[in-house]
Amino acid sequence: MVAASMVGYGALVHSADLSLAFGIVSTLGIWGLPGQVAFIEYMLLGAPLVSMMIGVSLANMRFLPMSISLAALFRGSGSGWRWRYLWVQFMSVNTWVGLMRRVPELTPDQRGAFYAGFSTICLIAGAVGVSAGFLMAEALPFFVTVSLVFLNPIYFAFVFAAMRARAGLLAFAAGAVVGPPAYLLTPEWSLPLAGIIAGSVGHFTDQYLKART
Amino acid sequence: MSSGIQEMSATGIWALLFLAIASTYLWRGLGTMIAARIDPESRVLQWVSCVAYGLLAALISRILFLPVGVLEDTLLVDRLGATAFGFLLFFVFKRHIGAGTLGAAGAFMLLVWARTHGIL
Chain A
0 MVAASMVGYG ALVHSADLSL AFGIVSTLGI WGLPGQVAFI EYMLLGAPLV
50 SMMIGVSLAN MRFLPMSISL AALFRGSGSG WRWRYLWVQF MSVNTWVGLM
100 RRVPELTPDQ RGAFYAGFST ICLIAGAVGV SAGFLMAEAL PFFVTVSLVF
150 LNPIYFAFVF AAMRARAGLL AFAAGAVVGP PAYLLTPEWS LPLAGIIAGS
200 VGHFTDQYLK ART
Chain B
0 MSSGIQEMSA TGIWALLFLA IASTYLWRGL GTMIAARIDP ESRVLQWVSC
50 VAYGLLAALI SRILFLPVGV LEDTLLVDRL GATAFGFLLF FVFKRHIGAG
100 TLGAAGAFML LVWARTHGIL
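Here the protein sequences come in this chain order: A and B.
Just so we're aligned, residue 0 is where the first sequence starts under numbering that gives the first Met the number 0, counting upward by one.
Just so we're aligned, residue 0 is where the second sequence starts under numbering that gives the first Met the number 0, counting upward by one.
So that you can see chain A by itself, here it is in the shape it has in the complex (with noise of 0.2 Å):
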């Protein structure tokens, strides 16, 4: 499923006539396809510095409420909390949604153990398709790779579909109708509005819900 993803990435390295190897290390690096992706736009556009950083700063805004959750989970997690601080670099949506959906079933000292695998193999799983992407760029046909830049956002959607938490599942339906027109509104700052709009609606409905039965 990353690799799949980081494909579509990796071709977009090999049209910005950048190496491999920068490819892989912005990949591994950042660790967020829209920050990575707005990375190479910003270059391709020679966009001046500080306009980039904020760009691919704000891109990545997400990893900031991702963290709060996945660093508290590690809380009585031997391992987990004491390398907290290299956990988060290793999360993306993909590693924290496999750590969340197997929350329940996880004592809090096996977390640590299972991220810091699941993790690792998203790593090289990314750094593979990232390889791969770049090296098939110019073999594959367009239906191909547009298919495969596809796949990312459409696999999270039915990963949160599946959730069971009404809160999140609100959330996030929620989020879904907010996302296009709070992007129209203002494209900088959408996500961070949408997601606190959204999650508001979400979590005060949730409460409201549970008072009531």
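Simulated from the structure, these hints should not be mistaken for laboratory data.
It is possible that some hints are incorrect.
[What the hints assert, rightly or not] What follows is a set of in silico ranges between Cβ atoms, one per label pair, in the way DEER data are often shown:
{"no.": "1", "chain 1": "A", "residue 1": "Leu48", "chain 2": "B", "residue 2": "His116", "range": "40 to 48 Å"}
{"no.": "2", "chain 1": "A", "residue 1": "Met135", "chain 2": "B", "residue 2": "Phe64", "range": "26 to 34 Å"}
{"no.": "3", "chain 1": "A", "residue 1": "Glu187", "chain 2": "B", "residue 2": "Leu29", "range": "17 to 25 Å"}
[Said to hold, decoys possible] Some chain B residues near chain A, calculated using beta-carbon distances under 7 Å:
{"no.": "4", "residue": "Leu54"}
{"no.": "5", "residue": "Ser60"}
{"no.": "6", "residue": "Thr73"}
Here the structure is a predicted model, which is why all the values come from computation and not from measurement.
Where is the CB? At the ideal position from N, CA and C, for every residue including glycine.
Guided by the hints, dock chain B onto chain A, whose structure is given.
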């Protein structure tokens, strides 16, 4: 197309990359610091998780409706049609993630292929 990059030296490009990595880690590190200071059972943390879910949903929905990059060259009706087909399979197979994902991606690939070959 790559004029911006060709004007830069190799060292300059790598320096930019490390700045980009650092500015991304800022959020990760900040979140981890905050996590140590709040109660894991608190409502604040539940709200923060909801914000993360809402934000990711907004991102996915924006990519489907208003994409940037290669997806821009595809039709909205194809993206939404493939997604709807995926959700149909998802519910038919009792909320099965694999069925939904493969169904949507497969339908999308078929639609784009058919259009590039002038079938649709």
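| request: Answer holds if the nearest beta-carbon of chain A is closer than 7 Å to that of threonine 73(B); otherwise answer violated. | output: holds (6 Å)
| In this structure, is the beta-carbon distance linking glutamate 187(A) and leucine 29(B) contained in 17 to 25 Å? | Hint holds: Cβ distance 19 Å, inside 17 to 25 Å.
| Once the shortest beta carbon distance from leucine 54(B) to chain A is found, is it less than 7 Å? | holds (3 Å)
| task | For the range 40 to 48 Å, tell me whether the beta carbons of leucine 48(A) and histidine 116(B) fit it or not. | result | For leucine 48(A) and histidine 116(B) the Cβ distance comes to about 44 Å; the hint holds.
| query | Could one say that the CB atoms of methionine 135(A) and phenylalanine 64(B) fall in the range 26 to 34 Å? | reply | holds (29 Å)
| message | Does serine 60(B) hold up as a contact with chain A if the rule is Cβ-Cβ below 7 Å? | response | holds (4 Å)
No hint from the list above goes unmet by this structure.
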